[in-house]
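K.L.:
Single-letter residue listing:
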Amino acid sequence: MSSFPLAPLWYLETLWFQVSGTLCNLECNHCLVSANPRNKTHAMMTLEEVSSILREANELGVREYYFTGGEPFLNRDMLAILEETLKYGPANVLTNGTFIDERVAQKLRVLYDSSRYSLELRISLDGTTEETNDPIRGKGSFTRILRGIRNLATVGINPVITVTEAAPELERKGKEGREEFYALVRSLGIDRPRMKVLSLFHIGEEEGRSCGYKKHESLEGLHLNTDELLKLQCTTSRMMTHEGAYVCPILVNDPAGRMGMSLRDTLKPFSLDRGACYTCYAFGVTCRT
Amino acid sequence: MPDLSGISIPDIKKLDETFGKVALIGGVYNNHIALEKACQTALANGCEAIFCLGDLGGFGPSPNKVFPVLEKYAVRCIQGNYEESLAKRLEDCGCGYTHPRDNHYAQLSYDYTNRNLTEENRARLSAFPRQIQFRLGSRTVHLCHGSPRRINEFLWETTTSDGFLRATADAIGCDILCCTHSGLQWSREFTPGKWIVNVGVVGRPSNDGERDVWYAELAEGALQPEIRFVRVAYDWKGLVQEMTDENLPAEFIETIRSGWWTTCLEILPGKERMKGKY
Chain A
1 MSSFPLAPLW YLETLWFQVS GTLCNLECNH CLVSANPRNK THAMMTLEEV
51 SSILREANEL GVREYYFTGG EPFLNRDMLA ILEETLKYGP ANVLTNGTFI
101 DERVAQKLRV LYDSSRYSLE LRISLDGTTE ETNDPIRGKG SFTRILRGIR
151 NLATVGINPV ITVTEAAPEL ERKGKEGREE FYALVRSLGI DRPRMKVLSL
201 FHIGEEEGRS CGYKKHESLE GLHLNTDELL KLQCTTSRMM THEGAYVCPI
251 LVNDPAGRMG MSLRDTLKPF SLDRGACYTC YAFGVTCRT
Chain B
1 MPDLSGISIP DIKKLDETFG KVALIGGVYN NHIALEKACQ TALANGCEAI
51 FCLGDLGGFG PSPNKVFPVL EKYAVRCIQG NYEESLAKRL EDCGCGYTHP
101 RDNHYAQLSY DYTNRNLTEE NRARLSAFPR QIQFRLGSRT VHLCHGSPRR
151 INEFLWETTT SDGFLRATAD AIGCDILCCT HSGLQWSREF TPGKWIVNVG
201 VVGRPSNDGE RDVWYAELAE GALQPEIRFV RVAYDWKGLV QEMTDENLPA
251 EFIETIRSGW WTTCLEILPG KERMKGKY
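Sequence order for the protein chains is A and B.
Counted from 1, the first sequence has number 207 at position 207 by this note's numbering; the numbering is strictly sequential.
Counted from 1, the second sequence has number 102 at position 102 by this note's numbering; the numbering is strictly sequential.
Because the hints were derived from the structure by calculation, they are not lab data.
Possibly wrong hints are sitting among the right ones.
[What the hints assert, rightly or not] Once the Cα atoms are required to be at most 16 Å apart in a straight line, the calculated EDC-like pairs of lysine to aspartate or glutamate come out as: (1) A:231 / B:153; (2) B:88 / B:111; (3) B:277 / A:191; (4) B:65 / B:246; (5) B:194 / B:208; (6) B:88 / A:191.
Could you build all of it, start to finish, from the sequences and the hints given here?
P.N.:
As structure tokens, then:
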């Protein structure tokens, strides 16, 4: 019989919301949840739904909140959801930045100033030029993403640029490639550029690109010690979508990733038997900033 | 309900003592000059006991020089991630940075401390308890390095939710929760009658363009405790000279000289980052 290590929920530090479901205006060729303008696997979350989960999470001692999708700003209630979240704790939004026009940027600045907690915007970018970014994130996306970053810079918000390892600059040049992203962000008026590099998971759209997980890419039979377990985000975080409660932000399209309907259903260990679990373990991946 | 605190209760040493006023000193980072000045100030201010919340090493020069100071002022220490790593002879400091550049500098300073620490002093810091509780008047004070659940958790003012602090204080049974590790001092009453105090560090300035460093004093108060951050001006030129003599990185020396952080920046939350120069 096969045996996989169990990841206990050590504490609930980070709570994620798939706030716009799997709906996105872009169609990136590495998207691990295959979000696109037509994908309605997970529906939009409402302000009431998020508010109710926030109250429960606050009682459970959650320290910070993250929002992803799809594209979070496709949710019409996104600004109201952030306002509500910032009453409870810090909020982080993973966005493609294309909806951050001058008006939205100014509203974000108001939220940024009105809360004692941190409001972080994380903007995805996969190249330092149209030629390298657009083949991955879609035609015309580079210009629109940069406009979003510039609008945030104008109101004095310093976003974190999220770059996946699919970015040609990182694939080809490694460390030097990072510097090219820093230089680009500086050129947009941000003198203290911040960046997060994300490993790729061979699921969703990326499964087609990289041919999925091979048989040896598995945690079967491994014994993980406490330090190794604590590095896995599933020992300290959970994910909520309109469809229910999930172990992590990665496995929302995998029936095995669903742990129940409510947050309380997730307060139990998870068997690390998915291919994506191997990526988290082998590359020390966390979706947190 | 499963226990979601992540706290190891046997790690907590409960002192059978009640104090009226104490000094709490955070990360020392080998800055023995500022440590001595902080201890002198604390005694002059009437503190009955001085506690250090860990991270004696790293960043600054000559890691053995802090030990005579700790002894002279009877400073009681808990372990930080530095002490944990040095005690276990680990290969890195376990600071918990996320960026390659930050980890590069963290490694340089850890290797320096690890290489120069005497075995006698390694044995001393290995014996420090991990967390301490004591009474301040009628209140219970809890000392940890990062957080009660994780020695290298960064508790920043803008990313630490009240809900988390309430759950933590309930789990360990304290009224005033004290930590260091992040390098920036702050405090808040997170629920009526309960306080968090990040005591800051004396090892390096608090990224505000001032060369002074900070520690915290807690005093028993009638309605609420008195929480005061104390500014410490010290002989920074002397420290710069020692760091230069020890060939420590120019970036570290620049921080002591200018009051601005030059490394370990990527871990700062947005709001804290925007207050610094780099």
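K.L.:
With reference to the structure, classify each hint as holding or not holding.
P.N.:
We went through each hint and held it up to the structure:
no.	hint	result
1	A:231 / B:153	holds, 12 Å
2	B:88 / B:111	holds, 14 Å
3	B:277 / A:191	holds, 9 Å
4	B:65 / B:246	holds, 13 Å
5	B:194 / B:208	violated, 28 Å
6	B:88 / A:191	violated, 40 Å
Of the hints listed earlier, those the structure fails to meet are numbers 5 and 6, in rising order.
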